[in-house]
Structure formats: C-alpha cells, structure tokens
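Trainee: Based on the sequences and whatever the hints tell you, model everything.
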Amino acid sequence: MTSSKSFVKFDKVDKSYDGKVLVVKDLNLDINEGEFITMLGPSGSGKTTCLMMLAGFETPTNGEIYLDSKPISRIPPHKRGIGMVFQNYALFPHLTVYENLAFPLKVRKLSKNDIDKKVDKALSMVSLSGFEKRMPNQLSGGQQQRVAVARSLVFDPQLVLMDEPLGALDKNLRESMQYEIKHIHENIGVTVVYVTHDQSEALTMSSRIAVFNDGKVQQLSTPDKLYEEPVNSFVAEFIGENNTFAGEVTDISGGKCKVKLDTGGEIISNPISVKSKGEKTKVSLRPERAIIDPEDKMDNKYKGKIEEIIYHGDHARVRLNLLGNKEFILKIPNSSARMDIKRGNEIKVGWNSHDARALDPKSI
Amino acid sequence: MSSETQQILTTDGIPLEVSLKKVERRNKFKAFLLVAPLLFFLLIVYISPIIGMLFNSVDDRMVTNALPKTFVAMEKWDGKELPSEEVFEAFYIDFQKLIEEEKEGKLSTQLNYEKNGFKSIIKKLRRKSKSFEEGNYKEQIMAVHERWSDVEYWRAIKRRAPSYSYSKYLKGVDMYQNQEGKFVQVEEDRRIYKKLWVRTLKIAFYVTLFCFLMAYPIAHLLATLPMKYSNLLMICVLLPFWTSLLVRTASWMILLQQQGVVNDFLVWIGLVADDERLVMMYNETGTYIAMTQILLPFMVLPLYSVMKTISPSLVRAGKSLGGTPFTTFWKVYFPLTIPGIGAGSLLVFILAIGYYITPELVGGASGTLISNMIAYHMKYTLDWSFASAMGLMLLAGVLAIYWVYNKLVGIDNIKLG
Ligand SMILES: Nc1ncnc2c1ncn2[C@@H]1O[C@H](COP(=O)(O)OP(=O)(O)O)[C@@H](O)[C@H]1O
Ligand SMILES: [Mg+2]
Chain A
125 MTSSKSFVKF DKVDKSYDGK VLVVKDLNLD INEGEFITML GPSGSGKTTC
175 LMMLAGFETP TNGEIYLDSK PISRIPPHKR GIGMVFQNYA LFPHLTVYEN
225 LAFPLKVRKL SKNDIDKKVD KALSMVSLSG FEKRMPNQLS GGQQQRVAVA
275 RSLVFDPQLV LMDEPLGALD KNLRESMQYE IKHIHENIGV TVVYVTHDQS
325 EALTMSSRIA VFNDGKVQQL STPDKLYEEP VNSFVAEFIG ENNTFAGEVT
375 DISGGKCKVK LDTGGEIISN PISVKSKGEK TKVSLRPERA IIDPEDKMDN
425 KYKGKIEEII YHGDHARVRL NLLGNKEFIL KIPNSSARMD IKRGNEIKVG
475 WNSHDARALD PKSI
Chain B
6 MSSETQQILT TDGIPLEVSL KKVERRNKFK AFLLVAPLLF FLLIVYISPI
56 IGMLFNSVDD RMVTNALPKT FVAMEKWDGK ELPSEEVFEA FYIDFQKLIE
106 EEKEGKLSTQ LNYEKNGFKS IIKKLRRKSK SFEEGNYKEQ IMAVHERWSD
156 VEYWRAIKRR APSYSYSKYL KGVDMYQNQE GKFVQVEEDR RIYKKLWVRT
206 LKIAFYVTLF CFLMAYPIAH LLATLPMKYS NLLMICVLLP FWTSLLVRTA
256 SWMILLQQQG VVNDFLVWIG LVADDERLVM MYNETGTYIA MTQILLPFMV
306 LPLYSVMKTI SPSLVRAGKS LGGTPFTTFW KVYFPLTIPG IGAGSLLVFI
356 LAIGYYITPE LVGGASGTLI SNMIAYHMKY TLDWSFASAM GLMLLAGVLA
406 IYWVYNKLVG IDNIKLG
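As they're listed, the protein sequences go chains A and B. Taken in order, the first sequence gives residues 125 to 488; the numbers are from our numbering. Taken in order, the second sequence gives residues 6 to 422; the numbers are from our numbering.
The hints are simulated quantities; they were obtained by calculation from the structure and are not laboratory data. Cβ atoms here follow ideal geometry from the backbone N, Cα and C, with glycine treated the same way. Fair warning: there could be bad hints in the mix.
[To be verified] Interface residues of chain B toward chain A, partial, derived using beta-carbon atoms under 7 Å:
#, residue
1, Ser-318
2, Leu-319
3, Arg-321
4, Ala-322
5, Lys-324
6, Ser-325
7, Leu-326
8, Gly-327
9, Gly-328
10, Thr-329
11, Thr-332
12, Val-337
13, Pro-340
[As the list claims (entries may be wrong)] Straight line, CA to CA, 30 Å or less: simulated BS3-like cross-link-like pairs of lysine-lysine:
#, chain 1, residue 1, chain 2, residue 2
14, B, Lys-336, A, Lys-203
15, A, Lys-486, A, Lys-382
16, B, Lys-233, A, Lys-144
17, A, Lys-257, B, Lys-412
18, B, Lys-313, A, Lys-144
19, B, Lys-313, A, Lys-257
20, B, Lys-313, A, Lys-203
21, A, Lys-149, B, Lys-233
22, B, Lys-336, A, Lys-233
23, B, Lys-336, A, Lys-257
24, A, Lys-236, B, Lys-336
25, A, Lys-194, A, Lys-230
Mentor: Right, here's the structure in full:
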C-alpha cells in the first residue's frame with residue numbers, strides 16, 4: 125500500500141450554510157487507504173457537515189475534495205460508491221433485513237445468486253445470520269445498528285462513513301459494538317471515517333483522530349499522541365482528565381520554563397506553545413502523572429490538603445487544594461497501604477516538569 | 006396463553022383480577038361520563054336518522070292501509086288478465102272512503118311512482134265516481150279511462166300490496182320485480198339510475214386520481230421546505246377551507262364559463278378561436294375541475310402528515326447505497342407514503358361520491374351525481390322513501406369501500422395526522 129498518495133483529501137475546504145457563518149474553515153485533511161480516522165469534537169463543531177460533503181449531500185462553499193486523487197464535487201452521491209452509517213441507522217422500515225442489505229446490490233444489478241451470497245456474508249460478519257426475514261422494528265437497537273453496518277459494507281465500498289453510529293446505544297452495548305466495528309475494519313481493511321463526540325470511543329477505535337472545534341481541526345494525530353501530547357489547551361481539556369494551572373512565564377531555558385501561577389506559587393513545566401518570558405499560559409497535567417510521596421529527582425514537589433475523596437472501586441480520586449488550585453485531581457490505586465489518605469490530611473505530591481505542558485492560555 | 010394460570014391473590018386475599026376490575030370500573034365510568042354527551046348527540050343526529058331512513062325506504066303501509074279491501078280481493082287474482090268484478094268493487098269502496106278522508110291525492114302520488122299515468126286517471130275517477138250506480142263497477146271504472154282497462158295498471162297496484170317492500174332499492178338500480186317474482190331490468194330507454202351510479206363512481210375515482218397527482222408534489226414540498234416557506238404554502242393549501250364552499254364554487258363558475266376568465270385568456274393568447282370557446286361548465290369537465298380543487302386539501306393533509314415523519318436520512322441512505330434519485334424515490338420514499346395515499350384517497354373518494362353542491366352548480370346535466378338525484382327526489386317528486394333507499398345504498402357503498410380498503414391495506418395503516 126502506498127501511503128504517499130492520500131486516499132481522501134480535503135483541500136482548503138470551506139463550508140457555509142447561510143453565507144454568514146463559516147461552519148467549516150479552511151479544512152485540510154489527508155486520509156490514507158485502510159485507515160480508521162475519527163472526527164472528534166463537541167456538538168456543532170462541523171463534523172457532520174464534513175461527512176456530508178464527502179458523501180455528496182452538501183457541496184463545499186470553497187475548496188475541493190479528492191477521492192483516490194479525483195475531484196468529486198461533480199459526482200452525485202449515488203455514484204460515489206461510499207458506504208454510510210447514519211446516526212439513527214436509516215434502515216428502510218418497510219423492507220426486511222435481507223431486502224435492506226440487497227438494496228445496494230440490486231441497484232448494481234447483481235444476480236440473485238451473488239446477492240444471496242453477499243448478504244449472507246455481510247450478515248455473518250455482524251453475527252446476525254438467520255435474521256434475514258425480520259423487519260427493522262423487530263430488532264433491538266444494537267441489532268439494527270449491526271444491520272446498518274452490514275448494509276454499508278455489503279457492496280464492498282472502499283470508503284465507509286459513520287456518523288455517531290453508536291450514539292443511541294447504552295454504555296455496555298456501545299463498548300461491545302466499538303470492538304466489533306474495530307474488528308470488522310481490521311478484517312476487511314476498508315477505509316473508515318468515523319464521527320463521534322465521545323472521546324473514549326475515539327481513543328479506543330481510531331488509527332488517527334482529528335479533533336474538531338469551531339469548524340477547524342485542532343489536532344490530527346494518533347490516539348496516544350493526542351492524549352500524551354495535546355498541542356493546545358482545547359485538546360488537552362477535551363480529551364481525558366486534566367489539571368490546569370493558569371499563569372505567566374517568568375523564565376524559559378533548556379527546554380523548561382518557570383510559570384508563576386495566578387493563585388501564587390511557581391511551577392516548572394514543559395514549554396509547548398510558549399516562546400518567551402512574560403507570556404500568559406495554561407499548564408496542563410494529566411492526573412495520573414502526579415504521584416504522592418514523590419522521589420527526590422522529580423523537579424516539582426508540593427504539599428496539598430485533601431478536600432474530598434471519591435471512591436471508584438479499583439481506584440480513588442482525591443481532590444486536593446494544591447498551590448491555590450482547589451480542583452486538583454489525583455488518582456490513587458485502591459490498596460490498603462495508605463492509611464493517611466483522609467479528608468483534611470496534608471500529603472506530598474510531585475511530577476516531572478516534562479509532563480506539565482505549558483499551552484496557550486485560551487480556554488473553552 | 007395457558008388455561009391453567011393460577012389465580013393470583015392480592016395481599017388481602019382478593020383475587021387480583023377482581024381487585025383490578027374494581028379499580029378500573031371507576032375509571033371506565035368516568036371515561037363514559039366524558040363521552041356520554043357526544044354519544045347522545047351522535048345517537049340523535051346520526052344513528053337515529055339512519056335508522057329512520059332505513060325504515061322509510063322499505064315502509065309501504067300507506068298504500069296498504071289505503072286499499073285494504075282491494076288487496077284482500079286481489080289475493081285470489083293471478084295477475085294474468087284483468088281482475089274480476091270483486092276486485093273492482095273492493096277498489097271502488099276503498100276509493101270512496103279515501104275521498105271522504107281526502108287521501109286520494111296521496112294515493113295517486115304513490116301509485117304514480119310505481120307507474121306513470123296514475124295521477125290523471127285517478128283524478129278523473131274521482132270526478133266520475135260521484136255519479137256511479139250500484140253494481141257492475143268493473144265496466145263503470147273501465148269506462149272512465151282506457152288505462153283502467155290496462156292490466157299493467159292493476160299489476161302496479163298489486164305490487165304495492167305488501168306493507169314492507171324493497172322495490173325502491175330495485176328501482177335504484179333500474180330493476181323491478183315482475184308478476185312472476187323475477188328481477189328484471191326496466192326498458193332500455195328508461196334506465197337512468199345505473200348510469201348515474203357508474204358516473205358517480207367514475208367521477209369520484211378520477212377526482213381522487215387528480216387530487217393525488219396534484220397533492221403529492223405539494224405535500225412533499227410542504228414536508229421538506231424550511232419552516233418559513235412551508236408555513237406560507239400551508240396557508241395557501243388551507244385557504245380554501247376558510248372560504249365558503251358556495252363562494253368557491255361560484256368563483257369557478259366565473260372562471261370557467263364561456264365568457265369567463267379562462268376562456269378570455271385562451272382566446273387572448275390565441276390558443277382558442279373566439280367562436281370556439283371551450284365549454285368547461287355545466288358538464289363533466291366543470292365537475293372535475295371544481296371538485297378536484299375543493300377536495301385537494303383532504304389529500305394534501307394526510308400525505309403531508311405522513312411525509313413529515315419520513316426521515317430525510319432514509320433518502321440519503323438510499324442514494325449513498327447507489328440508488329439513483331428515481332430508484333430511491335420509488336423503492337424507499339414512495340412505499341413509505343402509502344399510508345398517507347390510502348388515507349387521502351379514501352377521504353377524497355368518500356367525500357366525492359356523496360358530493361352535492363358543486364356538481365349541482367357547475368355539473369349541468371352530464372355532470373350531476375347520485376346525491377343530486379337524491380336531492381331531486383326529496384325536493385321535487387317528494388318520493389322520500391326512494392330518496393332514503395338511494396341514500397342508504399350510497400352509505401352501503403361507502404362502507405363497502407371502507408371494508409375493502411381495510412382488507413387490502415388495513416385501517417390501522419391510515420394516518421391522518
Ligand atoms: N442544513 C443546515 N442548515 C443550516 N445550518 C446547519 C445545517 N446543518 C448544520 N448546520 C449548522 O452547522 C454547524 C455544524 O453542524 P454539524 O456539522 O452538524 O456539527 P456536528 O456534527 O459536529 O455536531 C451547526 O452550528 C449547525 O447549526
Ligand atoms: Mg453531527
């Protein structure tokens with residue numbers, strides 16, 4: 125597979141519905157063949173709009189989208205050959221499961237024999253063999269979801285778009301469907317563009333994630349990089365839990381910077397988007413990177429008072445008042461070793477300056 | 006269900022079902038009180054007139070009571086040749102009694118429904134019978150008018166002997182029961198009702214079809230347009246509802262007449278020569294045009310309410326799966342609108358089949374429907390029992406359509422909003 129040539133390419137795409145507000149702004153995105161890419165962002169950030177432009181139900185106001193290096197703005201939706209899973213499944217309610225799956229094959233004029241074979245295969249892929257004669261309303265939500273996935277794949281498209289396909293399912297079902305979709309993707313190697321506003325869904329499923337906000341891609345990277353190395357404070361706060369300190373850079377040297385906090389005190393952090401002294405910044409630290417009773421070689425060591433302990437079974441979240449930040453969260457594994465973790469007690473907390481990322485001061 | 010379900014008891018030991026019923030009875034009673042006024046109203050203004058009509062259409066006691074002796078005497082008559090003196094005498098006696106009670110006019114009207122020509126000969130008989138001598142009534146009556154010696158007229162009287170008869174229903178389909186008791190059609194040139202039934206069904210069918218063809222795109226537009234435009238369109242669709250039916254029909258008359266707006270326009274653009282102006286009124290064309298316009302909202306609204314519920318993502322799904330816009334419409338969108346089509350068609354067809362004012366005003370001779378005939382018999386011939394019979398036949402027809410529809414599509418599939 126040559127990944128030098130991208131399979132789907134958004135080239136400087138703008139989109140406005142009303143001529144006043146840009147819903148998508150200067151979008152540049154390259155998607156490789158066989159990739160599972162997720163568009164993640166809060167509601168209203170323009171994810172669905174991007175998907176609709178790719179599927180052909182909306183036209184870009186400016187720019188061009190390329191599929192397999194060919195511009196597609198002139199191709200009507202039914203000729204694009206892109207599979208799609210809609211949020212409400214969009215199964216045809218008057219057709220049986222079999223007829224739903226046969227629809228794309230019939231319009232492609234396949235023989236009855238081939239249709240039967242392909243429908244069989246697609247249904248067994250989502251473990252729904254034997255449900256051919258059911259009507260969609262005789263299926264549970266999860267089953268409908270799987271039929272929708274099977275239908276979008278049954279005609280062997282090279283690209284499948286999924287718009288919040290699991291949004292209507294309950295938590296357990298959603299998690300098991302996440303794995304199922306992921307396995308299907310791994311088995312058949314189709315390119316998937318997936319839309320969700322659920323960050324944990326994005327993290328578990330994707331090969332790459334594009335974080336959307338305000339019509340713009342904020343960061344495009346692999347899940348681990350996105351979590352470990354957010355490039356701005358929106359991404360840091362949108363993905364995972366986050367302890368933040370607002371402040372001003374007082375010194376910057378040797379890949380480290382000193383930040384004087386608005387609440388008093390000073391911490392050492394990793395300068396990501398700050399360049400010089402005097403800049404405003406927001407320092408972001410993942411809760412699991414801060415530990416109690418730090419070793420000596422850690423360059424950030426402070427004392428905090430326990431405000432609240434929230435029990436989570438395998439671990440506990442401890443809310444501290446640390447350096448004037450009353451919302452500082454610490455994760456502590458559930459063990460009998462620590463008897464001094466009680467409300468009102470003072471404990472020592474520390475972290476490596478590398479994990480405290482000094483980002484832009486903008487907050488969401 | 007298994008027949009051996011164990012009886013479940015409440016904690017107090019009362020069977021659960023009994024306890025439940027007791028609780029529900031109160032609610033049921035309350036619900037009944039709420040609908041009671043409506044039920045009462047329906048009973049008085051809807052059910053009882055229908056029962057009255059049913060009774061009216063078969064009730065023939067008026068004639069039976071008017072000629073009691075005659076009918077007794079006629080029992081022995083085989084109906085092949087002129088009846089015997091006995092019958093004539095009985096008829097004379099009955100008739101004299103009617104004259105005393107001044108009821109002979111009613112009899113003549115009734116007999117005239119049965120056979121044309123009774124009216125004048127009964128009038129004549131009344132005048133002449135004052136100077137009748139006793140005995141040999143047969144000859145004296147036959148001398149009054151030659152029709153009195155026509156056996157057909159005596160057969161017509163005999164047919165009215167039973168107190169209850171369904172002859173009005175037969176008349177409604179141009180048939181009658183001859184003296185052998187067989188159902189036969191009336192002579193070719195006197196068949197009017199069958200033609201009218203066929204025409205009524207035909208016009209109702211085509212009006213429904215035209216309404217469907219016009220309403221479908223409108224309803225689709227209504228369901229898909231953004232709110233601010235669809236509201237305006239909805240007002241346009243509903244506007245006719247806020248105008249009196251009579252005014253609407255009258256405006257069609259202004260538009261469609263030969264010196265009317267439409268013809269003027271066609272002449273002006275040169276499509277039609279001035280001396281060949283189209284005849285669009287006082288014939289079927291007028292009925293079609295005016296009824297289609299007037300019944301259109303009854304098709305638009307059910308279609309709209311169904312189309313509104315069809316998610317746009319279904320059509321998108323169809324297209325994304327490779328269906329051309331037409332395939333997607335035909336295989337996905339159209340089947341989902343069938344409940345609306347069914348409801349609208351049923352509504353329009355049933356309304357059209359009994360329509361009265363519009364065909365009366367713009368239909369002329371070739372564009373009138375069965376209800377115009379019913380009205381005619383109610384207002385002019387005063388043959389109410391015949392009008393009732395036809396009204397009930399119409400009602401039965403509508404119920405039959407409803408029944409067929411229910412069998413084919415299922416009434417639960419209907420959606421009106
Ligand atoms: N058909 C439309 N007409 C007008 N505005 C729209 C339309 N669809 C979406 N929008 C607007 O575009 C913005 C982005 O919407 P969308 O792409 O659906 O976001 P997301 O899928 O990320 O929640 C929203 O502010 C929404 O109100
Ligand atoms: Mg969306």
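Trainee: For each hint, tell me whether it holds in the structure or not.
Mentor: Hint check:
The closest approach between the C-beta of Ser-318 (chain B) and any C-beta of chain A is roughly 4 Å, which is under the 7 Å cut-off, so the hint is satisfied. The interface hint given for Leu-319 (chain B) is met, as the beta carbon of that residue sits about 5 Å from the closest beta carbon of chain A, less than 7 Å. A least Cβ separation of about 6 Å between Arg-321 (chain B) and chain A falls short of the 7 Å threshold, and the interface hint therefore holds. A cut of 7 Å between beta carbons decides the hint on Ala-322 (chain B): the least distance to chain A is about 4 Å, and the hint holds.
At a threshold of 7 Å, the smallest CB-CB gap from Lys-324 (chain B) to chain A is about 4 Å, leaving the interface hint in force. Using the Cβ-Cβ criterion of 7 Å, the hint placing Ser-325 (chain B) at the interface with chain A is satisfied: the shortest such distance is roughly 4 Å. A distance limit of 7 Å between C-beta atoms decides the matter here; for Leu-326 (chain B) the minimum to chain A is near 4 Å, and the interface restraint holds. A least Cβ separation of about 5 Å between Gly-327 (chain B) and chain A falls short of the 7 Å threshold, and the interface hint therefore holds.
Against a cut-off of 7 Å between C-beta atoms, the interface hint on Gly-328 (chain B) holds, since the closest Cβ of chain A lies about 5 Å away. Annotation: interface hint on Thr-329 (chain B) holds; nearest CB of chain A at approximately 6 Å, less than 7 Å. The restraint placing Thr-332 (chain B) at the interface with chain A holds, with a minimum CB-CB distance near 6 Å, inside the 7 Å limit. Given hint, Val-337 (chain B) at the interface with chain A, holds; its Cβ is 6 Å from that chain's nearest Cβ, closer than 7 Å.
A hinted interface residue such as Pro-340 (chain B) counts as satisfied when its beta carbon comes closer than 7 Å to some beta carbon of chain A; here the least separation is about 5 Å, so the hint holds. The suggested pairing of Lys-336 (chain B) with Lys-203 (chain A) holds, with an alpha-carbon distance near 18 Å, which does not exceed 30 Å. Of the supplied pair hints, the one linking Lys-486 (chain A) and Lys-382 (chain A) holds, its CA atoms being roughly 19 Å apart against a limit of 30 Å. Proximity of Lys-233 (chain B) to Lys-144 (chain A) is assessed by CA-CA distance (about 19 Å); at most 30 Å being required, the pair is judged to hold.
With a C-alpha separation of about 23 Å, the suggested pairing of Lys-257 (chain A) with Lys-412 (chain B) holds against the 30 Å cut-off. As the CA atoms of Lys-313 (chain B) and Lys-144 (chain A) are separated by approximately 28 Å, the hinted pair is consistent with the 30 Å bound. About 28 Å separates the Cα atoms of Lys-313 (chain B) and Lys-257 (chain A), which keeps this hinted pair within 30 Å; it holds. Straight-line distance between C-alpha atoms of Lys-313 (chain B) and Lys-203 (chain A) comes to about 27 Å, which keeps the hinted pair within the 30 Å bound.
At roughly 28 Å between alpha-carbon atoms, Lys-149 (chain A) and Lys-233 (chain B) fall within 30 Å of each other, so this suggested pair holds. Restraint check for Lys-336 (chain B) and Lys-233 (chain A): the C-alpha separation of about 15 Å stays at or below 30 Å, so the hint holds. Distance restraint check for Lys-336 (chain B) and Lys-257 (chain A): the Cα-Cα separation of roughly 18 Å lies within the 30 Å cut-off, and the hinted pair is therefore satisfied. Only pairs whose Cα atoms come within 30 Å are accepted, and Lys-236 (chain A) paired with Lys-336 (chain B) is accepted, the gap being roughly 18 Å.
Restraint check for Lys-194 (chain A) and Lys-230 (chain A): satisfied, since their Cα atoms lie roughly 26 Å apart, inside the 30 Å limit.
Of the numbered hints given earlier, the model fails none.
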